[in-house]
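Peer 1: Model the placement of chains E and L on the given structure of chain B, informed by the hints.
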Amino acid sequence: MSFHSSHEAYDRINMIQKLLTLKPRSRGFHLVTDEILEQLPELHAVRAGLVHIHILHTSASLTLNENADPTVRGDFERWCNEHVPENAPYYRHTMEGSDDMPAHIKASLLGSSVMIPVRDGSFLLGTWQGIYLGEHREHGGSRRIAVTVLDGR
Amino acid sequence: MSFHSSHEAYDRINMIQKLLTLKPRSRGFHLVTDEILEQLPELHAVRAGLVHIHILHTSASLTLNENADPTVRGDFERWCNEHVPENAPYYRHTMEGSDDMPAHIKASLLGSSVMIPVRDGSFLLGTWQGIYLGEHREHGGSRRIAVTVLDGR
Amino acid sequence: MSFHSSHEAYDRINMIQKLLTLKPRSRGFHLVTDEILEQLPELHAVRAGLVHIHILHTSASLTLNENADPTVRGDFERWCNEHVPENAPYYRHTMEGSDDMPAHIKASLLGSSVMIPVRDGSFLLGTWQGIYLGEHREHGGSRRIAVTVLDGR
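Residue numbers (the working numbering), protein chains in the order written: chain B, 45 to 197; chain E, 45 to 197; chain L, 45 to 197.
One chain only, chain B, in its complex shape (with noise of 0.2 Å):
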């Protein structure tokens, strides 16, 4: 991640844009970045640019997190389920069942999209930085992201 200079200019830039399929989970959170840069062969060619991460769903999320211990995921889900409650009693959107509601909230704190920095072929995160996604269903079956990478030439 060292920079041989102060900064880094680049005259034009190049986009990409594709669809990505991330494979089924279990409600929680899951470290997918190494999921994604496999099917992300693109971002070797790039020496600068940010990559954009978008899930088109409304029930999981996408965050960056710590990308080692997994107990700090669990943590994540343990904080999640005793501040976004089921069956609070002021909820009017229940029809979908007791983890729908919860699923669309915590969605919308943790964020439904990621911007990255990319560098040198490689996403540019800190040592401790991966990609988690929040699967805040517990049939969410497979998610499907759009990915935009913009490559400065």
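Hint data in this document are derived by calculation from the structure and do not stem from the laboratory. For clarity, every value in this text was computed on a predicted model and none was experimentally measured. Don't be surprised by glycine CBs; every beta carbon is placed ideally from N, CA and C. Hints are not guaranteed to be accurate.
Which bits of chain E does chain L cover? Going by a derived footprint, with three or more residues having C-beta under 8 Å, they are [to be verified]:
hint: 1; segment: 124-134
hint: 2; segment: 156-162
hint: 3; segment: 171-178
hint: 4; segment: 185-196
Peer 2: Positioned in the frame of chain B, the structure of chains E and L alone reads:
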């Protein structure tokens, strides 16, 4: 939303930037996708890209969530009011009314902007996704947003 | 912030990417707009664009909020400590100190990056908007950020 190839590449990017105004709304969450689209006819000509929509205020928010059932928006407001209460004993920023400090916190939890992929002249969103304006003041008035479109050619 | 036409279009986009360092700060929320601007003289030459500011850590955050009254930043810290407590009985990631797991959760609630429109050489922000660094550790030290500027020509 089906793509005709595994990915689409674009050699050049154009940019459009403009200021829009959203009409005044009551405190709560409101679906504003159509109101934004109506003020963004430039989007029709965009084959693929990204649009950044930024609200120029600290007591209102933009987020993506469920676009069909209005009780979801009501449940968002009720969850927010329960978890970001007015008149918390530890608030010291209280001069601008009891709805003001909670509005600031809600704005940062939900976010000041959304970045949305664009495809074939419209937002590339999931079937159930729409843009919510979170109006967190009692009398927020009209809200200004800055829109920046990145248009791949 | 007044625009001279309904929208401005730009045929080409340049990109600049650089790493910056924010000086160490105490736990809490801090206004860092000026510290970032001082390290980003390249922004003066940008007529219109976007800037992505990304923090390379999982226990600190970046968000936009009220830039005038410091009690707002204090209330942010107090709300966070109340709602993302230390020593919750369900935390299992506890080896790095009682401030560590709450710091991770706060980082994802508030976000790792901000994307801000640029206009006439500076951030296109609302009158009351500034950039907050959320320092969620007791001794977080200096924080590294990656800045990517998209510059419409």
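Peer 1: So, for every hint listed, does it hold in this structure?
Peer 2: Results for each hint:
1. 124-134: holds (count 4)
2. 156-162: holds (count 3)
3. 171-178: It is violated, with 0 qualifying residues against the three required.
4. 185-196: holds (count 4)
Comparing the model with each numbered hint stated earlier shows that hint 3 is the single one that does not hold.
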